[in-house]
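These protein sequence lines map, in sequence, to chains E and D.
If you count the first sequence from 1, position 243 lands on 243 in full-length UniProt numbering, and the numbers rise without skipping.
If you count the second sequence from 1, position 38 lands on 38 in full-length UniProt numbering, and the numbers rise without skipping.
Hints in this document: simulated from the structure, not taken from any laboratory.
Some hints could be false.
In this list, chains with the same sequence are indistinguishable; a pair is considered to hold if it fits within one copy or across any two.
[What the hints assert, rightly or not] Derived DSS-like pairs: lysine-lysine, alpha-carbon spacing no greater than 27 Å straight-line: (1) K142 - K43; (2) K262 - K338; (3) K110 - K43; (4) K45 - K241; (5) K110 - K45; (6) K109 - K338; (7) K141 - K62; (8) K13 - K37; (9) K109 - K45; (10) K110 - K62.
2 protein chains.
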Amino acid sequence: MKNGKITIHDISKALGIDSSTVSRALNDSPRVSKKTKEIILNKAKEVGYQRNSLASNLRTNKTHTIAVVLPRVSRYFFATVIAGIEETAYEAGYNVIICQSLDNLNREKKIISTLISNRVDGIIMSISMETTNYEHLQAYKKLGKPIVFFDRPCSLNNCSNININNFQSSFNATKHLILKGCKHIAYFSGSLDIELYRQRKNGYIAALNEHNIKVNEHYIFESNLSEEDGIKSAKKILQLKSIDGLYSSNDTAAISAMQYLKSKNIRIPEDIAVVGFNNDPISAIIEPSLTTINQPAFKIGKIASNLLVDQIENKTTNIKEQSKLLNSELIIRNSSKKV
Amino acid sequence: MKNGKITIHDISKALGIDSSTVSRALNDSPRVSKKTKEIILNKAKEVGYQRNSLASNLRTNKTHTIAVVLPRVSRYFFATVIAGIEETAYEAGYNVIICQSLDNLNREKKIISTLISNRVDGIIMSISMETTNYEHLQAYKKLGKPIVFFDRPCSLNNCSNININNFQSSFNATKHLILKGCKHIAYFSGSLDIELYRQRKNGYIAALNEHNIKVNEHYIFESNLSEEDGIKSAKKILQLKSIDGLYSSNDTAAISAMQYLKSKNIRIPEDIAVVGFNNDPISAIIEPSLTTINQPAFKIGKIASNLLVDQIENKTTNIKEQSKLLNSELIIRNSSKKV
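From just these sequences and the hints, can you work out the full model?
The following block contains the structure:
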């Protein structure tokens, strides 16, 4: 015991257990039995041992921390993905820290730089709307650490992507409106700079094509799909006079549009049938309840987390890409229940 | 340039700028002009300088990272507080990482231990429902680093608390129902182990007392205020037959109770008037729209963040407690509009 500072070796000596076992126990390694861990932890507490985590992390090159980087925690979809990630990560012995990019590339860059400093073992990420070059992500990858992307596809080399089939989801939503008799279907799209929204637009067009309905570019409204965007686009829909169906690429815009249309005495679904995307909790509660697409958000989180932990623990210089495409589900409610 | 590794001194030599200025520029210090920073950063990029943040952090003992620890990011109130924190912190040059305790004390302990390892400069925190001893928080405080609490009061020494006036908010909500003619007001409370819910219950009781209405313990329903809890308590309300007003300590339980009561042909507000708490976005959208209490969540975040950064930057061994009590606002909507 030098300078009053208790070390692992002091605990080792006091218990007659070799110091590597003591170290493993203090790092909560699964290689040490629960009973031995208990004895070591009790002794450590008794003698007032203070673990120098930073030094320990520098040695093992592991922090048992993973980071989730995404646009905004307040969106139901993202919050549910986080829940799935945390459940799996926690079971595997990893702590989770969350960072919001607010869809701002500069902020995302600062976050990645912080995560490099904090030496997180891996990142699960939905990139910002502004992220078109991946230099900052490459810097993290160069450390030999894995990134798993979800929601918004990212083509960074040797990274896994967990996504839903956006084309098929959109195709199903549009087809549902067509089968309900809609012939003039408006579509609310997110920014077409983003791969995900291009895929969804293609699904919408493919469904129209399959049913020999001419695609009308005036029926497609590109925006950030905010509440205000929903109202703005709804106003334009009314001016068109012909619209009898609306498919929106998120529930937020679908719901604000519905509220606006109702205030103008448009009947839903009789005059205009509506389908949203995301299955936000509010979609089941508003009147009429909103037909929407449910993404398996919790499952996406679990799969992403499992994959990341796998890649962290079987660390290779070249992490194999293991992408997954999941199915979504159309939930039919009253907003599209035309007879 | 030893071993091909570029150092701050190489950049200093190449530009003829002293190395402490180079170091400050690379740390984005406000003490270096924007123009000088630009010159230095460009040169650093040009020569391929890789900053060793970890070593740099060890030297300066600062990471310019603050952490937000709270029960669950998916709740609107917490998500809005985070937005306020991030806006202020980002402007002050701090990155924000977020961790969820899921109202679990063990998880909260692991988080604090991770944050100690990650050497975050300060913590903004709403403690878990299970947190009744503060040993783990004391460990962080011992490092001479500040914690600012919000939402759920915490009596840890020398820590600031940013809260709303829960007693007064509850008093106002209850009084509103009384003035609308309600005489038998049910109250949905959160766990009374928690200071915040005790304060709110006291506000409810004080309003009844002021109007000479006898407090009936059977009218008080303690739960976790989940959706299911709201339905369970609503069932019990119906059995009582006398209830003509309902005040719920969150919107989630108020709304699920309203949905249940409506399904049993109870008219709101005519038969039972309802007031919630939190002003979740959904409260304005459901029918009838819900009278509720709006907390200044964004402002709470900004104040907490400002206070924390202040305490980080004027670091003293004894951080002075600077608690604040904010006012809330009763938002009157249709669920309590009795004539």
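Violations among the numbered hints: 4, 6
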